[in-house]
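S.K.: So the chains spell out like this:
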Amino acid sequence: MNIFYLSYKSLISRPLSSLLSWLLLSFGVTIVVLILLVSDQLKSEINKNAQGIDLVVGAKGSPMQLILSSIFHADFPTGNISLKQAAHLSKNRYIAQAIPLSLGDSYKGYRIVGTTQTYGNLYDAEIASGNWFGGSMQAVVGAAVAEALEMGLGAEFESQHGLTEDGDAHEHSPFSVVGVLKSTNTVLDKLILVDVPSVWMVHGHDEEEEHDHEEHGEGLITLDKLGISVTGEQLEHEEITSMLIKYRSPMAAVMLPRTVNDMSDLQAASPAYETARLFNIIGVGIDVMNILGLLIIIISAVSVFIALLNSLKDRKYDIAIMRSMGATGSQIFIHVLTEGIIVTLLGCASGLVIAHGLIGILASNLSDLNLDWGIFVKEEGWVVIGCLVIGVVSSVIPAFLAYRTDISKTLSKT
Amino acid sequence: MISSSNLSYSFNKSVNLSYPDWKVGDGEHGLILGNSGSGKTTFLHLLSGLLKPTSGTVKFDDTDITELKSGELDVFRGKHVGLVFQKPHLISALSVSDNLRLATFLGRKSEQDARIEELLDSLGLDGLGKRRISEISQGQAQRVSIARALINHPKVIFGDEPTASLDDSSCEKVIDILQKQADKQGATLILATHDHRVKSHFSNQMEL
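Residue numbers (the working numbering), protein chains in the order written: chain A, 19 to 432; chain B, 82 to 289.
These aren't lab readings, by the way, just hints derived from the structure by calculation. On a predicted model such as this, the values are computed, not experimentally measured, just so you know. Treat the hints with care, as some may be off.
[What the hints assert, rightly or not] If you only want the chain B side, here are some residues facing chain A, beta carbon under 10 Å, derived:
| no. | residue |
| --- | --- |
| 1 | L132 |
| 2 | G163 |
| 3 | Q260 |
| 4 | Q262 |
[Said to hold, decoys possible] For each label pair, taking beta carbons as the anchor points, the in silico distance ranges come out as:
| no. | chain 1 | residue 1 | chain 2 | residue 2 | range |
| --- | --- | --- | --- | --- | --- |
| 5 | B | D145 | A | V371 | 17 to 27 Å |
| 6 | B | E148 | A | S348 | 46 to 56 Å |
| 7 | A | F22 | B | D202 | 51 to 61 Å |
| 8 | A | F22 | B | K160 | 50 to 60 Å |
| 9 | B | S91 | A | K431 | 18 to 28 Å |
[Claimed, not checked] Here chain A is said to cover these stretches of chain B; the calculated rule only asks that three of the stretch's residues, wherever they fall, bring their Cβ under 8 Å from a Cβ of chain A:
| no. | segment |
| --- | --- |
| 10 | 92 to 105 |
| 11 | 118 to 131 |
| 12 | 187 to 197 |
| 13 | 266 to 276 |
Note that the Cβ used here is the ideal one computed from N, Cα and C, for glycine as well.
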């Protein structure tokens, strides 16, 4: 027998009102913690995907769209830029590295990206089996793609025009899988990587194919910073979608965007700036949900308060009896306070468990988000402390009233 | 054992109760008789330390309980006083034996399951320890409340109208149990009642 046991027994002797307080609090905590976890993991995922990319250069349009399509592969590309312009820009002394991206095709909903191996290096990609592409019409697939489409080495597929599953297939130009990547928990897992010339080839015209035969390795122009070699013909006529640029010096952050934006067909978008803008937009929704969660937590505090206050009416005699048996006023105070704290801490704990459980469920249903239920954020500690404070605040008045119970007066009334 | 002198208590300016001096010796039992409104419950509360008198003293052997601070008085009550009321007033959230354990906990005595068993047995409550309060009869509940008053080996057991709501045979039984258990433990029994059926059992009587 101790005060905690007494409080616990007292709580379960009023199961319905205790249940209500507990449910409300655990619901409120679930909402708040869920938002904390999702926004934290979203932020870290966005940062992970944007790592090492200082600037994205692509066709004029919405800078946010350029970032979304080129880094997160979420929106449609803004259009194409000419290879010649891209090659010219890449020679700029502020640029350390420019990874070319050629977008626009997909296979069964997974985007095909014409790029170089450097793109994989950006995310520390490692080959699980096979090799990186070494020539045309060879593809390296991300871990999630390989798993979802059950594509192993040697599998062949035809790309579809457009980014939706109902695009027309580019017939007669099958890709073959030469490599499968290990999972990186980045956007790379959901991509099919091919080399840039392959994308041109799929969209290519007959004449160019003829040209290809003529060139045969001679007269190839190497574009150092882009990491590709092209024919003069290709340099003149082909296009890519965008370039992921890494600065050579901090000065570049000042100079380069201006240089790019002065060119009539190109625009430069900063991942840092655009993702910050994106968070501002999402932030409003997050705030609304947080306020909702906090409101529910406050309602639960009121419910704990009312439940305790109501129970005091019935327990007045119990309390007087306990006092007559030797309980001090402070023991009674702690007894009632403990009840409030038990309910709020239980609600808090179950809210945390439910929130993490929901993240687990979301993670297995939403393959677009890399969520992990096992990640805890430090704000959760504040949630626990907040619940403790709510438990104390909502039960301190009932506890004080119980403390003040007049033993003799109460016991005189039968 | 227990004695009071010059005891008085004021509810407010107009209502003032004063009591004659009274003494109940070791091993003796005392009866406070009076009609309702005569102030016998107040007298009992003053004697048992539930209420602080406006003036006067209450002594348990050599301890003047009116001198104790409120926290000390709580502890003293828990250790040395047992109380039985007209209704059992058990804590319904707890089982029968947990009600007894609560008394040992609040009386700062160590828990003894054997003692609980023994008490329940001697009051004809054997096997009811795990029952909820709502699962036992009113008479059983009354006996549990007696067990609760006895469990800490108090020096004095106070009863406030413990027989008022009982029929003649139950009344006899309860008085018998209280006296026998008090004698067994060497405790003093003091009852406050308007029930004249009880009168013949007590030699030391105080009429209010």
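S.K.: Now look at each hint and say whether the structure bears it out.
M.R.: Now for the hints, and whether the structure bears them out:
no.	hint	result
1	L132	holds (4 Å)
2	G163	holds (9 Å)
3	Q260	violated (22 Å)
4	Q262	violated (17 Å)
5	B:D145 x A:V371: 17 to 27 Å	violated (56 Å)
6	B:E148 x A:S348: 46 to 56 Å	violated (21 Å)
7	A:F22 x B:D202: 51 to 61 Å	violated (30 Å)
8	A:F22 x B:K160: 50 to 60 Å	violated (23 Å)
9	B:S91 x A:K431: 18 to 28 Å	holds (19 Å)
10	92 to 105	violated (count 0)
11	118 to 131	holds (count 5)
12	187 to 197	holds (count 4)
13	266 to 276	violated (count 0)
Of the numbered hints listed earlier, those contradicted by the structure are 3, 4, 5, 6, 7, 8, 10 and 13.
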